[in-house]
Structure formats: C-alpha cells, structure tokens
Amino acid sequence: MILGKVVGTVVSTVKADDLAGARYLLVDKSSQRGEIKGDYLVALDLIGANRNELVMISESTSARETPLTVSKPIDAIIVGIIDVIDENDKIVYKK
Amino acid sequence: MILGKVVGTVVSTVKADDLAGARYLLVDKSSQRGEIKGDYLVALDLIGANRNELVMISESTSARETPLTVSKPIDAIIVGIIDVIDENDKIVYKK
Amino acid sequence: MILGKVVGTVVSTVKADDLAGARYLLVDKSSQRGEIKGDYLVALDLIGANRNELVMISESTSARETPLTVSKPIDAIIVGIIDVIDENDKIVYKK
Amino acid sequence: MILGKVVGTVVSTVKADDLAGARYLLVDKSSQRGEIKGDYLVALDLIGANRNELVMISESTSARETPLTVSKPIDAIIVGIIDVIDENDKIVYKK
Amino acid sequence: MILGKVVGTVVSTVKADDLAGARYLLVDKSSQRGEIKGDYLVALDLIGANRNELVMISESTSARETPLTVSKPIDAIIVGIIDVIDENDKIVYKK
Numbered sequence: 001m002i003l004g005k006v007v008g009t010v011v012s013t014v015k016a017d018d019l020a021g022a023r024y025l026l027v028d029k030s031s032q033r034g035e036i037k038g039d040y041l042v043a044l045d046l047i048g049a050n051r052n053e054l055v056m057i058s059e060s061t062s063a064r065e066t067p068l069t070v071s072k073p074i075d076a077i078i079v080g081i082i083d084v085i086d087e088n089d090k091i092v093y094k095k
Numbered sequence: 001m002i003l004g005k006v007v008g009t010v011v012s013t014v015k016a017d018d019l020a021g022a023r024y025l026l027v028d029k030s031s032q033r034g035e036i037k038g039d040y041l042v043a044l045d046l047i048g049a050n051r052n053e054l055v056m057i058s059e060s061t062s063a064r065e066t067p068l069t070v071s072k073p074i075d076a077i078i079v080g081i082i083d084v085i086d087e088n089d090k091i092v093y094k095k
Numbered sequence: 001m002i003l004g005k006v007v008g009t010v011v012s013t014v015k016a017d018d019l020a021g022a023r024y025l026l027v028d029k030s031s032q033r034g035e036i037k038g039d040y041l042v043a044l045d046l047i048g049a050n051r052n053e054l055v056m057i058s059e060s061t062s063a064r065e066t067p068l069t070v071s072k073p074i075d076a077i078i079v080g081i082i083d084v085i086d087e088n089d090k091i092v093y094k095k
Numbered sequence: 001m002i003l004g005k006v007v008g009t010v011v012s013t014v015k016a017d018d019l020a021g022a023r024y025l026l027v028d029k030s031s032q033r034g035e036i037k038g039d040y041l042v043a044l045d046l047i048g049a050n051r052n053e054l055v056m057i058s059e060s061t062s063a064r065e066t067p068l069t070v071s072k073p074i075d076a077i078i079v080g081i082i083d084v085i086d087e088n089d090k091i092v093y094k095k
Numbered sequence: 001m002i003l004g005k006v007v008g009t010v011v012s013t014v015k016a017d018d019l020a021g022a023r024y025l026l027v028d029k030s031s032q033r034g035e036i037k038g039d040y041l042v043a044l045d046l047i048g049a050n051r052n053e054l055v056m057i058s059e060s061t062s063a064r065e066t067p068l069t070v071s072k073p074i075d076a077i078i079v080g081i082i083d084v085i086d087e088n089d090k091i092v093y094k095k
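Protein chains in written order, with my numbering: chain C, 1 to 95; chain W, 1 to 95; chain D, 1 to 95; chain V, 1 to 95; chain U, 1 to 95.
Worth flagging that the hints you see were computed from the coordinates, not collected in a lab. Some clues are possibly wrong.
[Unchecked claim] Heads up, simulated DSS-like pairs for lysine-lysine below, C-alpha to C-alpha not over 25 Å straight-line:
hint : chain 1 : residue 1 : chain 2 : residue 2
1    : C       : Lys-94    : V       : Lys-29
2    : U       : Lys-15    : D       : Lys-37
3    : D       : Lys-37    : U       : Lys-37
4    : U       : Lys-94    : U       : Lys-15
5    : U       : Lys-37    : V       : Lys-37
6    : U       : Lys-94    : D       : Lys-90
7    : V       : Lys-90    : C       : Lys-90
8    : W       : Lys-94    : C       : Lys-15
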C-alpha cells in the first residue's frame, strides 16, 4: 500500500452506473513522515477519512475486494487512517 | 483513479473480437486543476464523455468490472466526468 | 490501453506449457502521433498485426480476458490495430 | 517480486473492516545487495519479518492469494525473508 | 511481457506457506538486444531458465495463471526463454 494525505474531494455526477453513491477523495501521495509529494490520485473512501489525515491506499485490482467495491471499476481505495509510523525505532509520523 | 482530459478519439476496425462496438477516447493525463500533462492513454468510454471534459479513469484489472466490460481485455475505462474538485477548501477545478 | 508500433518478432521455444502456439511481437511504445519512444515490450498478438502498424495494447490482468488467453500467464496483448487518431479535431495519425 | 528492507511499523486503528487484525510493516525498497533506496511502501506481513531483514514483496492483485488475504484489499504482501542472493556466482547478499 | 537476463538466484527459507518449493531467480531487465539495464526483480521460474539466458517475464496478476502458481502470491513469472528477436527484419538478439 502507499501513503497519502487527504487534501480534498472530487465531485462527479455522470458516472459509470455501478459507482452511484461512492465518495471520492483527492489524495496527495506522502512520505513515511507524512510530507506531501505533489503527486495526486483519486481514491474511494469507505472509512470516513478527513482532510489532512494520512491514509494507506490499496491500488490496482485489490481495491475491489470489499463488500462495497466488489464488481465496481475502482483501482484505488483508502484502507486505513494512519495513527503512528515508526522507522528505525523512532516515531516519524503521529496523527 | 487518475485524472485526464478527453482530447480526441481512436478508431480501430481490426480488433480482438470481444471489443466489437466499444468506443475509445484519447485522454491526456491531467493535474487536479485540469491542466494536461502531455502523457496520453487510450480509455474505453461508457458514459458519453466529450472532448475537453475532465474525467476519472480506472486502470488495471478494475476496468473490467462493469456489465459491458466483464471478460473484455480492457485496462483503462472512464468511470466519471468530473464536475468539481476542491483542494484545501478551495475549488481548483470546475467544469 | 497504451499505443505502440509493431517493430519485430520474438521467438521462444522453451515456454511455460500453457503458452504453446502463441505468437509474440516486439512492440515499441508510441505517441498518439505514432512516433516510437524506444521503450519496448513483448505482446501477444491475436489479430494478425504486422510490422509498422500502430496498435493498442492492454496490459496487466486484463490481457487474459479473451477465449485464447484465459488462464495463460500473459500481461500484454494487442487488442486493436489503429486506423485513425484525432486530437483536438485534427487527424494526428492515419494508417 | 521486488526486494525491500523492513525499517518500521505502521499503526492504523480505523481501517476498512476486512483488514482487522492485520500487521503492517514499513518497507524501504532495496537493491539485490540489500542497499535501501529511500523508496517506501507499506506491506502486509504474514511470516513474522523483523526490522533490518531483507524481504521479497509481491505487489498488485497477487497479494490477495493466501488464506489470510483472500478478499481483502491488500496490494503488497511480504512473501519471503531472504537468506542469500547470488549474482553472477558471487554472493551479493547474506542475512 | 518484459525482457530480462537471468543473473542469479534468491534463497528464502521463511516464506508464506503457499510458496514452499518454488525456485526464484534474480533477473536484470534487458533491452530487446539482451543488454542488461541494472534494474532487478525476483521472478518465479517454472521452465528451468539458466544464468545468462534472456527470458520473457509476465508481471502482475497474470503470473498466477499456471497450474503451479494458481492461488500463490506471485507477481512475476518467467514464461519463456528467448531464442531470437528480430527488429525491423534484422536479428538483434540470438541465444
């Protein structure tokens, strides 16, 4: 999974039918310290992530593997909100 | 999903059989502000996207997961036409 | 899908069993104008593409989704021979 | 598969439901000699990898294919702890 | 598929269970002429490839689609040993 910071929302009314009701967030890929990289993607949010939260994103086909996403054309899904990251026994990110 | 602007069409008469009848668009990958990057791909359009519209594209296997695309060798599909993108509570793209 | 120009063939006699009989082409990735990039891949050809033709290639798992490729370890397949590409209402490639 | 060194852990309490109980490690991609590249990802650990161990990581959909990960939105999984790598008949990495 | 040269082996005794018995090779990605790029990956070998042989590698989910790899977390598999590559009617690689 990759790390990213939630920076905004994406609104789309004309969608492939199966996507009705989904919520999309604008995410900026981030380092393990939570520093944004200016490299954006759009991810489906299933867990209520908020702006400025650091999240884990599953890309590719794996993104379909939840009750809500099975059989939907989704290739990026937010799978967790990060609380803490430690690197070499030092905390490098804390929510 | 990634963002891209519809810039043209791709016509192919000799195709793998399962693809008969599909409509392909030329898409230029774009920033969250709708600025094109000069990085092109060909995507299947299921929702009637038009030239100059900013769209969300699902890549990889996920692209097969609609009634029309199941069992077709498609790896990029337009899944939504973007109306509005906000970043840090400012609207950075509006249709 | 990505665009590429057929530039040659790849011959392999020792193969994973399921691949017996398949035809592989050497493809150079190309711009929307058909200009080659010097970035090569090997793709399975199901539709009789010839050298110098511009083709659409489906990558990743989607490549398996034809009667011939189901259950074969293929990750790149030629899915269409391009006739015409228009960009901003101008024809930028014609076969 | 790619090579990476385990450099830390990632803690997430709010997760997509299917991921409850999983253990995530921070991994820094590495060369065949075990040298880190400063290019991080988060991977699910099923085999008890420890900090400073060099591991093989399977990315993309393949990551789902274990009893624990079937139907979970995982796109990176640690599939082996590396003992030895030889290159051109010389040992370039040893645990 | 991508091209790579077999340059060594990878030994791992602690593995995700489903991988027991598999043989892993260190592969250096190569040009269509067989020139190595210094860009390494680890691939499962099902066909007895040897050091210095140029091989075709299937990446991503497709790698699972052989009797041996079904349901295993593999994302790179050697699917053929290359005998000859021709480019623009000239032989650019010969085993």
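Going through the hints against the structure:
Simply put, Lys-94/C and Lys-29/V have alpha-carbon atoms about 23 Å apart, close enough for the 25 Å limit, and the pair holds. Taking the CA atoms of Lys-15/U and Lys-37/D, the gap is about 39 Å. The hint is violated against a cut of 25 Å. At most 25 Å may separate the alpha-carbon atoms for a hinted pair to count; Lys-37/D and Lys-37/U meet this at roughly 17 Å. Proposed proximity of Lys-94/U and Lys-15/U is contradicted: the alpha carbons are some 36 Å apart, above 25 Å.
Our distance criterion of 25 Å between C-alpha atoms is met by Lys-37/U and Lys-37/V, whose separation comes to about 17 Å. With a CA separation close to 42 Å, the supplied pair Lys-94/U and Lys-90/D exceeds the 25 Å bound. Proximity of Lys-90/V to Lys-90/C is assessed by CA-CA distance (about 35 Å); at most 25 Å being required, the pair is judged violated. At roughly 16 Å between alpha-carbon atoms, Lys-94/W and Lys-15/C fall within 25 Å of each other, so this suggested pair holds.
Comparing the model with each earlier hint shows violations of hints 2, 4, 6 and 7; every other hint is respected.
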